[in-house]
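Peer 1: Following the hints, position chain B against chain A.
Here the protein sequences come in this chain order: A and B. Just so you know, we're using the working numbering here: the first sequence kicks off at 1 and counts up by one. Just so you know, we're using the working numbering here: the second sequence kicks off at 1 and counts up by one.
Be a bit skeptical, because a hint or two may be false.
Said to hold, decoys possible - Selected chain A positions facing chain B (Cβ under 8 Å, derived; list incomplete):
{"hint": "1", "residue": "Phe12"}
{"hint": "2", "residue": "Gly19"}
{"hint": "3", "residue": "Glu56"}
{"hint": "4", "residue": "Thr57"}
{"hint": "5", "residue": "Phe58"}
{"hint": "6", "residue": "Gly59"}
{"hint": "7", "residue": "Cys60"}
No lab work stands behind these hints, which were simulated from the structure alone. Every residue, glycine too, gets a C-beta built ideally from N, C-alpha and C.
Residue strings, one per chain:
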Amino acid sequence: MALYSEKVMDHFRNPRNVGVIEDANAIGEVGNAKCGDIMKMYLKIENDIVTDVKFETFGCGSAIASSSMATELIKGQPLSEVRKLTNRAVSEALDGLPDYKMHCSVLAEEAIQAALEDYEKRTGVTV
Amino acid sequence: MIYADNAATTRMSETAIETMTSVMRNEWGNPSSLYSRGQTAKEIIEKAREDIAAVIGAEPREIYFTSGGSEADNQAIISAAELGRKKGKMHIISSAFEHHAVLHTLNKLEKEGFEITLLDVHENGVIVASEVEQAIRDDTCLVTIMYANNEIGTIQPIREIGEICRRKGVLFHTDAVQAMAHIPVNVALDNIDMLSSSAHKYHGPKGVGFLYAKKNIVLTNVIEGGAQERGKRAGTENVAGIAAMAAALKEGIDRMPENAAHMTAMRDRLIAGLREIPHSALNGCSRRRLPGNVNFCFEGIEGESLLLLLDDKGIEASSGSACTSGSLDPSHVLLAIGRVHDVAHGSLRLSIGEDITEEEVDYIISSVKEVVEYLRGFSPIWRDLMQGKREFIL
Chain A
1 MALYSEKVMD HFRNPRNVGV IEDANAIGEV GNAKCGDIMK MYLKIENDIV
51 TDVKFETFGC GSAIASSSMA TELIKGQPLS EVRKLTNRAV SEALDGLPDY
101 KMHCSVLAEE AIQAALEDYE KRTGVTV
Chain B
1 MIYADNAATT RMSETAIETM TSVMRNEWGN PSSLYSRGQT AKEIIEKARE
51 DIAAVIGAEP REIYFTSGGS EADNQAIISA AELGRKKGKM HIISSAFEHH
101 AVLHTLNKLE KEGFEITLLD VHENGVIVAS EVEQAIRDDT CLVTIMYANN
151 EIGTIQPIRE IGEICRRKGV LFHTDAVQAM AHIPVNVALD NIDMLSSSAH
201 KYHGPKGVGF LYAKKNIVLT NVIEGGAQER GKRAGTENVA GIAAMAAALK
251 EGIDRMPENA AHMTAMRDRL IAGLREIPHS ALNGCSRRRL PGNVNFCFEG
301 IEGESLLLLL DDKGIEASSG SACTSGSLDP SHVLLAIGRV HDVAHGSLRL
351 SIGEDITEEE VDYIISSVKE VVEYLRGFSP IWRDLMQGKR EFIL
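Same shape as in the complex, but just chain A (with noise of 0.2 Å):
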């Protein structure tokens, strides 16, 4: 019995849009270095569509697989949706997370929403 799923194995060795967007306008970070972990969203939002998205993570094997899979689920989404973004979504799509790794999947939802309040404050939308 292996600690993470072949899933989760799958996107911490390969991670997706890993890296940064210089010119993103919504950037999302949560977490912090004491308890060892850090998630840190970049998203280029275009006509209330997240276009593209990138991730810093500074975490353990689930934190980079959660991020990386969030951005998976989240890339090509219109607000709208991206705003219904659950952990849940992201754990299941990771077919599954050990109970005491599901805060990682909790933070990757809470850097996604953090993104979309920095949005809002740019440009005084509402998503």
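Peer 2: This is chain B only, laid out in the frame that chain A set:
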């Protein structure tokens, strides 16, 4: 695979496996039975007791077989506490970075009214003997200090502490689980009253260990139910495990001089190589250190992802990060030597074995360098550090 987690457990030696399987197959009697099958089994454990006593400077009747190091720690501490309680001495001295088998037992005693002093282990992870002396009070019933730390490998001044305790008339226990068969341990020379040891840390089987207790010490039972171990530890003896432990210990001690020399050289090569990684730090003193222990913190990364990627490269190691412990806090050992949470999460322990080669050490160095650099490449902390938005700790 390169197994670099020998502080967690070791591979059983061929000698130990042969001894164990032979005893299981041929000498399966109960040592408490009076017919000869039972008595033969009894002879096996008594021979093991003599052999173990001889290599640590004890008398056979001072060796009590247990299920391992944790049980031995529990029994030693509880026994000393009971002796102290009878005399109205309810103060115990220990250190902040002991194994949880010690710390959790002390927590339990604290709830029963004992007062516990945990000594500072300083930045180098080495206790100062004179600070033990200063902490001893009229009502101190026990000093319990580990021989060598399980995470950072630092070796404590056991002989000096033992000498102080003897002079002050205070019982001295040491958890020698990591030290035994890796560095010289002698209960007579080291002034030790009680000592815990676990077979699987020196190529013996899991589930067996022993407690050494000086002959005048009356032990308190942790497990009741029979007259085994002179009435101090009930339960039919793990005959095969005990025989294999004695065989592994003797072999380990016989080979210690050459093994320690080789491992120390490999350890120092590994430390020198990993020190080249910017913003990293060795945890614990580089000299007063077990021959096989290397423990580093790398700023800007987290330990579990480091371990998983090293596993992909065929290297098995461990970390003191919270994510690997299942708790929210990183290793209490790293916090005790003053590492802050931020960097304690990025720790890596490599505990190499006797058969490690120079090529393997070099492969570990290049792999760790590669993985640390890769993880830093998308770490938001590392970005902030590099852009001056956050101050480097290491």
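Peer 1: All the hints need checking, so say for each whether the structure fits it.
Peer 2: Evaluation of the provided hints:
1. Phe12: holds, 7 Å
2. Gly19: holds, 7 Å
3. Glu56: Given a least distance of 4 Å, the restraint on Glu56 (chain A) holds.
4. Thr57: With a minimum Cβ separation of about 7 Å from chain B (threshold 8 Å), the hint on Thr57 (chain A) holds.
5. Phe58: holds, 4 Å
6. Gly59: At about 5 Å, which falls below the 8 Å cut-off, the nearest Cβ of chain B leaves the hint on Gly59 (chain A) intact, so it holds.
7. Cys60: holds, 4 Å
Violated hints for the displayed structure: none, as all numbered hints are satisfied.
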